[in-house]
Amino acid sequence: MDFGLSEDQLLLKDTVRRFLAERCPTTRVRQLMEGDGRGEKDLWKELAELGVAGVIVPAAHGGLERELLDLALVAEELGYAATPGPFVGAAMATVALVEGGDATLQKRWLEAIASGEAIVTVAWGEENGEWTPDQFQTTAKGDRLNGRKLMVPSALAADAIVVAARDAAGPGLWLVERDAIGTDIAALTVNDLTRRLDSVSFADTPAVKLPSGAAALQRVFDAGLILIGADAYGGSHRCLEMARDYALTREQFGQVIGAFQAVKHQLANMAADLEPSLALVWYAAHAFDRIRDQSTRHAALVKAHMADLYDRITRDATELHGGIGFTWEFDLHLWFRRAIFDRSFLGEASYHRSRAADLAGW
Amino acid sequence: MDLSYSAEYEQFRAEVRAFLAEHWTDADRESSPPPDGQAALMGAVIRTDERATQFRLEAIARGYLYRHVPKAYGGGEQPYDPLKSTIIAEEFRRAKAPGEMVGQGASMLVPTLVEHGTEAQKRQFVRDTLLGQIVWCQGYSEPGSGSDLASLRTRAELDGDFWVVNGQKIWTSNATEAHWMFCLVRTEPDAPKHDGISYLLIDMKTPGLDVRPLRQMTGESDFSEVFFDNVRVPKQNLVGPRGKGWIVSRSTLKHERALIGGSFITRRTFDGLVTVAQGATLRGEPAIKHPVIRDRLVQLETRLLASEYNGYRLLTQQWRGEDQGLAGMVMKLFTTQLSYDISKTAMDVLGDRGALGRGDFNTPDMGMFSYSYMWALGVLIAGGTANIQRNIIAERGLGLPREKK
Numbered sequence: 577m578d579f580g581l582s583e584d585q586l587l588l589k590d591t592v593r594r595f596l597a598e599r600c601p602t603t604r605v606r607q608l609m610e611g612d613g614r615g616e617k618d619l620w621k622e623l624a625e626l627g628v629a630g631v632i633v634p635a636a637h638g639g640l641e642r643e644l645l646d647l648a649l650v651a652e653e654l655g656y657a658a659t660p661g662p663f664v665g666a667a668m669a670t671v672a673l674v675e676g677g678d679a680t681l682q683k684r685w686l687e688a689i690a691s692g693e694a695i696v697t698v699a700w701g702e703e704n705g706e707w708t709p710d711q712f713q714t715t716a717k718g719d720r721l722n723g724r725k726l727m728v729p730s731a732l733a734a735d736a737i738v739v740a741a742r743d744a745a746g747p748g749l750w751l752v753e754r755d756a757i758g759t760d761i762a763a764l765t766v767n768d769l770t771r772r773l774d775s776v777s778f779a780d781t782p783a784v785k786l787p788s789g790a791a792a793l794q795r796v797f798d799a800g801l802i803l804i805g806a807d808a809y810g811g812s813h814r815c816l817e818m819a820r821d822y823a824l825t826r827e828q829f830g831q832v833i834g835a836f837q838a839v840k841h842q843l844a845n846m847a848a849d850l851e852p853s854l855a856l857v858w859y860a861a862h863a864f865d866r867i868r869d870q871s872t873r874h875a876a877l878v879k880a881h882m883a884d885l886y887d888r889i890t891r892d893a894t895e896l897h898g899g900i901g902f903t904w905e906f907d908l909h910l911w912f913r914r915a916i917f918d919r920s921f922l923g924e925a926s927y928h929r930s931r932a933a934d935l936a937g938w
Numbered sequence: 002m003d004l005s006y007s008a009e010y011e012q013f014r015a016e017v018r019a020f021l022a023e024h025w026t027d028a029d030r031e032s033s034p035p036p037d038g039q040a041a042l043m044g045a046v047i048r049t050d051e052r053a054t055q056f057r058l059e060a061i062a063r064g065y066l067y068r069h070v071p072k073a074y075g076g077g078e079q080p081y082d083p084l085k086s087t088i089i090a091e092e093f094r095r096a097k098a099p100g101e102m103v104g105q106g107a108s109m110l111v112p113t114l115v116e117h118g119t120e121a122q123k124r125q126f127v128r129d130t131l132l133g134q135i136v137w138c139q140g141y142s143e144p145g146s147g148s149d150l151a152s153l154r155t156r157a158e159l160d161g162d163f164w165v166v167n168g169q170k171i172w173t174s175n176a177t178e179a180h181w182m183f184c185l186v187r188t189e190p191d192a193p194k195h196d197g198i199s200y201l202l203i204d205m206k207t208p209g210l211d212v213r214p215l216r217q218m219t220g221e222s223d224f225s226e227v228f229f230d231n232v233r234v235p236k237q238n239l240v241g242p243r244g245k246g247w248i249v250s251r252s253t254l255k256h257e258r259a260l261i262g263g264s265f266i267t268r269r270t271f272d273g274l275v276t277v278a279q280g281a282t283l284r285g286e287p288a289i290k291h292p293v294i295r296d297r298l299v300q301l302e303t304r305l306l307a308s309e310y311n312g313y314r315l316l317t318q319q320w321r322g323e324d325q326g327l328a329g330m331v332m333k334l335f336t337t338q339l340s341y342d343i344s345k346t347a348m349d350v351l352g353d354r355g356a357l358g359r360g361d362f363n364t365p366d367m368g369m370f371s372y373s374y375m376w377a378l379g380v381l382i383a384g385g386t387a388n389i390q391r392n393i394i395a396e397r398g399l400g401l402p403r404e405k406k
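So the protein lines, in turn, are chains A and B. Using the working numbering, count along the first sequence one by one with no gaps and you end on 938. Using the working numbering, count along the second sequence one by one with no gaps and you end on 406.
These are calculated hints, taken from the structure and not from any lab test. It should be emphasised that the depicted structure is a prediction, and the values quoted were computed from it without experimental measurement. Treat the hints with caution; some may be incorrect.
Sample of chain B residues facing chain A (criterion: CB under 10 Å; computed from the structure) [as the list claims (entries may be wrong)]: (1) 278; (2) 308; (3) 320.
Where a beta carbon is used, it is the ideal one built from N, C-alpha and C, also for glycine.
Can you make the complete structure from the sequences, with help from the hints?
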């Protein structure tokens, strides 16, 4: 019975934390937000050198061969630092290839993913707001793909896209390479400039079907939900720290505002709601790795819970900062916007709670 | 991360199970009437009859109960091992066997006496308290001293071999059943407020001591006011040094917060809510099929799971010897708010039947949830109100400036 992190896990987390504090402060985050996307690629390469891109890639393909819990710790740190880049899509695509790909696909892509040479993302949600594979309108016939995906993370930066679609056999996963004929990628106007979203259309686009894609679909989606939850925890934690630090320095009426009980209690409520949710994130990731029959439901719970909580914490933190928190110049809105991404991407909270109720047999 | 227990602990669990199978049989389980509603709500399935006492003595001798209390005073005296304690609690609960007493005596006074009591006090009180033979109440709060407990004014003056106590306590749980009270009194009126308090043990039958039950919003009386009119308490009933009662009482409060923060009772209330939602009908449909109710149930369950998994985390921190920090500090506030919200949701699941109170058979829950809906507010207040918890979290957890004391 050990519900805590191992030394290796703590080391990984700490390494990423220190790297980001040093190499990716919010000044760089802002440069990348305002840039053309190439900066994210450079940063991703640097992160890949730390192992971030290959956490769950088998050692045979150059990865760390760790579990989703380890990857969730990385997600937490990226969320803490509001790190720009393709992480969520890349992580989901990696799960897809590890669990759904064959030896040929794995050899072709996993090593390149782990080293940061290649960015692979996922195309999941569609125009009707649907995230459930058996509702998808994107279809495959033979090795050709047709349809339109909205909400594809970092598609313009990607070397390949793992696409969730349907064919005669039912839902599954297909891989489309960059510049494949018939692919049309367009940038969307997004709120969270640290995680770009694009739309991708396929018109008889050549695609390779992942042999075990059907079985991997749920796993890929669950992993995404859990990683979003971990990102939201990290971001929330950062906002709570910022609000606490501000309350300890900002003076009004001759004292720091943190001495006023209204401010103390607002911060205490944030901490009381946030702190126990870390264990929920850990448990969901651990269930994904080791308690598979609980994995899908916990993934739904953690995404819904953390999306709501992240919204609450960023809202309260902004309010607590007063006018400065409402400015573009002050960093808080970076996390507010990430909270918007986390609540929307992969579907809204009530959708996942409804799934969780169904899964409980209620 | 590994939620299974190692072979050594699984072996231990098997031993505990074998012990229970042999010493607490079906006949024992059925030999006493089920507990009343309120005791069940509070998770207090406590038997103190002769058979239960006999069983407890066997369990203590095996080192399964009161592991933190020395054998000399009636405890199990075992090395600190939170995993074993957890296994024991789980298995005793499963077997519905009498475990440790959960009242204020065993969980609050005993640790205090073990730490600060005289040899004679330990011998006189600890063993019988552990067996439920001596029932205690806590004399802390006063009409003018609630959250600001250290401002208390009930005074004790030394007269020969006796402390003479005058004043009033309030919100005293179990005062009508208690044999003894552990009590904070002011003995040094001229000292700064925290330094003028002493910790006294008072026999509830002492002349001049008057218990008047208070009726709370639920309609029952679980608290009393206790009046002291020249109550004479033998000098040797002082625990710890004179004027050091505040420090002595700290070990007690620490234990009370641990007691109230547990999520086991919350789990039972939530499971009860799901059962009611499955059975009750709202607008011709099972309540559990109602989209709004489903959404709320999942929200509550998620918070409950967070508190349960946070419990695993706290347990791990305990045996690793790590500081629990915020993860421990927030639990009382988190779980007591959750309990209230669970009962509140139950009120909506019941629809108009929420208007019916305890014992009415026209509502599927027999009115239990309207009762727990009110009771949850008491728990939110007891042992440090929600606002006091927020101060603790803000000051000790987040490092914000302290309130003026």
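Going through the earlier hints one by one, which of them does the structure break, listed in rising order? none
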